[in-house]
Amino acid sequence: MHLPDGFLDAKTAVVTAAVAAVGLGAALRQLRRELPPRRVPLLGLGAAFVFAAQMVNFPVASGTSGHLVGGALVAALLGLPAAVVVVSTVVIAQCFLFADGGVTALGANIFNMAMVAPVTGLLVYRAVQRIIPGLRGQIAALAFAGWCSAVVAAVVCAGQLAWSGTVAWSVAFPAMAAIHMLIGLGEGAISALVFYAVARTRPDIVGSTPAGGLRGIVGYGLLAALGVALFVAPFACAWPDGLEAVAAKLGFARQGASSTAAWLADYKLPGIASGGLATAVAGAAGALIAFVLALLLSRLLVRAPVEVGAKTEADS
Amino acid sequence: MRPLLEITNLDYDYPDGTRALREVSFAVAPGECVGLLGPNGSGKSTLLLHLNGILPEKAVSPGAVRINGEIISARNLEAVRRQVGLLFQDPDDQLFGSTVEEDVAFGPSQLGLASDAVTERVRRALARVGLANHARRPPHHLSQGEKRRACLAGVLACEPALLALDEPTSGLDPRGRREFKTLLQELAGTKLIATHDLELVVELCPRSIVLDGGRIVADGPTTELLNNEALMLAHGLERPHILRHLHPHRSVADEPQPDAGEKLPGLS
Amino acid sequence: MSRPALASERTPAGLKLGLALVLAVGTALAPTAWWWWHSAVAALLLASVFIYRIRIRPLLAKLLWFSPFVAGAALASALQGPASPGWRAVAQRGGLCLLIMLVLGATTSFSAQLAVLRRMRVPALLVTTLALMYRYLQVLSDEAQRMHRARACRTFVPSRGRTWMVSGEIVGRLFIRASERAERIYLAMAARGWR
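Chains as they are written, first to last, in this note's numbering: chain A, 1 to 316; chain B, 317 to 584; chain C, 585 to 779.
Note that these hints are calculated values from the structure, not bench results.
Warning: the hint list may mix true and false statements.
[Said to hold, decoys possible] Straight-line alpha carbon distances no greater than 25 Å define the calculated DMTMM-like cross-link-like pairs of lysine to aspartate or glutamate that follow:
no., chain 1, residue 1, chain 2, residue 2
1, C, LYS646, A, ASP100
2, C, LYS600, B, GLU417
3, C, LYS600, A, ASP100
4, C, LYS646, C, ASP726
5, C, LYS646, A, GLU34
6, A, LYS11, A, ASP100
[Said to hold, decoys possible] Chain A side only, calculated, beta carbon under 10 Å to chain C, not exhaustive:
no., residue
7, GLY46
8, LEU68
9, ALA105
10, VAL194
11, ARG200
12, LEU230
Note that CB positions come from ideal geometry on N, CA and C, so glycine has one too.
If we strip away everything but chain A, and leave its shape as in the complex, we get (with noise of 0.2 Å):
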């Protein structure tokens, strides 16, 4: 999801920079405040931590490989403001260290995985651990806030490369939603993995993440949802007939179905009418799904919750 230079036009490039930056301003300000010194060095080494574990593997199929993103993750085993600036320190160090990322779009890179995917990340983790009690919770919540965060920063993405007119949102939009459905399930399998070792060996660390209450979280959702109606609302309204418009554009329409027109247009349930409803109904079924599967995972994981889950649903 590393968007390079030459994706975002100067409108784009600059209203991204600018959220990025409010946000990560009050992020560092928020934690020269609070963070107590001993945890000071936890951030570079969780940064550090980030890039390490993007090296290790994990096989999907007939040789490719999927990794660690992290925004879920890092923001329930530190914290969000932590979140924000490890993720952030960790995108600048891949734009200037390895030029992955464009330098243009590096606003919009920390936007995206910095802010939306740990802010969704977290409020997604506290919002299903308050439902489903002890460590099989906290599993689930992160396995499906992983998948959560994953497609809505894709979303977000999508919608900036529509503002910029790099990619039509009609196009931009489906491709990268279903994508990320997919690879998010690999996002939240693997951090609710991580998650789980840490638990077990190290429940003291799992237990002890600062909370910062729901009040510093309202902060960043504001901020993150203010990006989401800038990116993406003005086509959220705009969309139902936008498929229908590419059709007709490369002439598909009369000819009925074409492999990448029949695959997008396939993303939409048949049967209902209305465009909007239809991925709204898909967008549902695959939440719906995703959900079911990191039931699913905790429950593997966790057999009975009273046996290692017993500290941890004290705490909780």
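We have chain A already, so just place chains B and C on it with the hints.
Relative to chain A, chains B and C alone:
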């Protein structure tokens, strides 16, 4: 002479309640070089962390540790840290700067010195440990021995009165170990060396303290302690080979030749 | 190990960083019609590759890595028809900017870049975090690799589910080690007078 370091009845428990130190009392006179021996987990590292007030965390120490006659407290913590230089066990933990130079400058700049003074101290410290040509290198490009010497430079740049070294020779190859030992031998000043390297203690420290289970079980002339086979075995240590070839009442530190250890090759 | 200063080390880091940022932003945002700007940047890059004697192979490898994005842009603009700015413009801009950052990386060490940031009063907490990340990147990835090898030595019947569990465990252990090391680094910093 007033002792540089004086510890009286020091007790400490880890936050989780495990006993770490019990009734530890000893004193170190200026210029002395003392070995601190004991099996893993005997409390050596924990003891060293007390010397410059890192432990106990809440700095409400019962006044058990005195540096130059002053009890360590929250108020004089800075002054104390100026006097005690701590060399940690893993050089990677201690070398956190992006370049050697920057890392060595960390301590002096925390002291609030002017930038010329800092540069001068960095230059002197690096020359002292033989790394003058490595100033600009990033720490991860150094060999293990060079890393250790860079750490020492970082400590020396603060110009401490007491050097407290935690396992200074662990993880070094024979040459690195020999170089570091020579370096320590040449350094004037008071030293407290926690180590498993018994031959190092024999060569550097006329006096040793044995710690086990958080208590001091022996304190005396190194050769005498190390020759006491029963004592050594009881506390997870062993009598070093080098001592089998020495007169029991002379320490190697008194021997005319500095490299006694290497002149006795292949013995068992 | 004293060596003569390279040509790239004689140019001040601040100048290189500033120039790279200006060039990259300019290139990414310049209209496609400004062909003279793009040619000037390309010429400057070529010149610096020769002056600073940068190795060509890594640059090319990285450009190759960039190609999926270009392919994606090409596909997207094919779907959109003539209204879009076109994949050629995207490829041209993106490729040039990528080269600018690669040349910057090859001529300016990351710690020199950090020193520039520090001078420019970027928040200290962010610079410290960047510096510590850079310092321990290698240490942690070595640890990850060692753990991976140790596990591989004892893996006899590889299965995908098992591998995922094991990889998850490795990453989890990596986090624990990172936080323990952070604790020890804090002690080392405190020992040298840091508050």
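Results for each hint:
1. C:LYS646 x A:ASP100: 9 Å, holds
2. C:LYS600 x B:GLU417: Given pair C:LYS600, B:GLU417 holds - Cα atoms ~22 Å apart, limit 25 Å.
3. C:LYS600 x A:ASP100: With a Cα-Cα distance of about 19 Å, the restraint between C:LYS600 and A:ASP100 holds, given a limit of 25 Å.
4. C:LYS646 x C:ASP726: 23 Å, holds
5. C:LYS646 x A:GLU34: 41 Å, violated
6. A:LYS11 x A:ASP100: 22 Å, holds
7. GLY46: A:GLY46 check passes; min Cβ-Cβ to chain C is 7 Å, inside 10 Å.
8. LEU68: 6 Å, holds
9. ALA105: Where the cut-off is 10 Å and the nearest Cβ of chain C is about 8 Å from A:ALA105, the hint holds.
10. VAL194: The hint holds - A:VAL194 has a Cβ within 10 Å of chain C, the shortest such distance being about 4 Å.
11. ARG200: 8 Å, holds
12. LEU230: 19 Å, violated
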